[in-house]
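Visitor: Sequence:
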Amino acid sequence: MEGLIAVGILLFLMIVGIPVAWSFAGVLAYLAFIYDANFNTLMLQGYRSIDSVILIALPLFVLTGYLMQSGGIAHRLVNFIEVLVGKRKGGMGASMVLASGIFGAIAGTATAAVASIGTIMVGPLEKRGYPRGYSSALLGISSLLGILIPPSITMILFAVVTRQSVAACFAASIGPALLLIAGLIIANRFSVGRLFNEIAVGAQEGMSEQPSRGKAAWRALPALSLPVVILGGIYGGVCTPTEAAAIAAFMAIVIGFFVYKDLTINRFGKSVIAAAETTGTVILILLFSFMIGRILASERIPQELTKTITELVQDPMMILIAVNIFLIITGMIMDDVSVTVVVAPLFMPLMVASGVDPIHYASIVACSVVIGANSPPVAPILYMACRIGQVPIHKAVMPAIALMVCVGLPVMAVTSFVPELSLFFPRLLGLI
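Per my numbering, residue 1 is the first one in the sequence shown, and the count goes up by one each step.
If you are wondering where the hints come from, they were derived from the structure by calculation, not from laboratory data.
Yeah, the Cβ is synthetic: ideal placement off N, Cα and C, and Gly gets one too.
Some hints here could point you the wrong way.
Restraint-style ranges between C-beta atoms, simulated for each label pair [unchecked claim]:
#1 R194 <-> G236: 41 to 51 Å
#2 M317 <-> T41: 39 to 49 Å
#3 I329 <-> D51: 50 to 60 Å
#4 I325 <-> S298: 23 to 33 Å
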C-alpha cells in the first residue's frame, strides 16, 4: 500500500507543477519518514548506483542528438529520405517517419528528434496539403521511434535500474520499432485522400527544387555513416555502448565542423550546455529513484505487490494486460524517465513470476512509453511537437489519439503477446 501511495504522491506533485526531480525527492522524503530509513546509507548506495560506466553513454548520446540538430546532420538526412520517397502519395509523411527512425538510430532521444525533424519538415508538409495538427501528431509519435530504435536512452536507463544487458535491451526494441514504422507509414498513406488531399510535387509555390538521388545520397553519406558505425560497433562486438556513444559524439563534432561546416563554436557551446542540463536532470532523477528503490526493496514492496496481484489474478495473460494498462496510464501522466526508472522496476518481479522474459519486458515498457508520451493529458512529446509545428494542441489531439488507437496500441499488443518479436534479434545476436 505504501508503494502505491508513493506513486500517487509522485503523480500529484508532477500534476501540480513540481519539477520531476524534486517530485522524486518528495517521494523519497515520504518513504524515508514512513520506514525510518538512514539517509547516510541511502546516499552512499545511491552514489554507488550512479557510479556506472554504462551511464557515461547517457550524456554522450544526448550530446550527439543536439550536435546533429545544430551541425546540419539532421537536415541532410531529411533531404535524402525526401528525395527517395517524397514524390509518392503519402511520401512526405513517410519521409518524416523514416527520418525520425534514422535520427533515433543515432541520437536515442525523442525530444531532439522533435526539434530537429519538426523544424525542417512541418512547413514543407503544410505546403503539400498536410494539416498542421495532423503533421504535429505524426511528428510526435514518429519522434518516439528514438525510444525504440537503438541506441535508446530509455533502454539504457531500463538496463541500469533492472541490471540487464544494455545491448540485449537495445536489440529487443528493434522488432517493435520496425512494426511501428510500417504501421505509421500505412496509416499515413490511408489518411491521404481521406482526411486531406496531398498536393503533387511541383504543383505548390515556393518549394525548392529537389536534388537528384545521387547528389542527395552523397550529401547525406557522412550522416548515414553514423548509425552504421554505432550499431555495427555495438553488435559486431567492436565496442561497448559507452564507447559507441563516445565515437558517435566525436563523429558528430567532426562532421558538423569539417564536413558540413554548419557547426560553429557558438552552436557547439549551446549544444554542450543543453546536453549538460538534460543529463543533469536525468541523473538527479536516477539518484533519487535508486534511493527510493533501495527503500522499497528493503521493505519487500515489489514482492508484496507481486503476491497481491497474483492472488487476485491467476491468468498470466490477464496479469500482462493489467500491467500494460497501468504502464500506459502512468505514461500518460509521467514522463518516460519516471516510468522507466520507477514504475517499470516495480513490476519486474511480477513479470518474471508470470513467465515474461526481462528482455521482453524491456520492449513492453518502451512501447508503453511511446503511447503515454504522446497521449493526453500530459503528453509532453505531443505538446513539444505542437510548439514546433506552431499549432494549438486541440488541433493535434484527435489525430494523435487516432494514431495511438490504430497504430500504437496494436503494436504494443503484438509486442506483449508475441514474445518472439522482441526476443528474435537478441537471440540472433547471441545476447540472450
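Visitor: Take the hints in turn and mark each one as holding or not.
Guide: Hints versus structure:
Evaluation of the 41 to 51 Å hint for R194 and G236 yields a pass: the beta carbon distance comes to about 44 Å. Distance hint check: the CB atoms of M317 and T41 are about 40 Å apart, consistent with the given range 39 to 49 Å. A hinted range of 50 to 60 Å for the beta carbons of I329 and D51 is inconsistent with their spacing of about 33 Å. A hinted range of 23 to 33 Å for the beta carbons of I325 and S298 is consistent with their spacing of about 29 Å.
Going through the hint list in order, the structure does not satisfy hint 3, though it satisfies all others.
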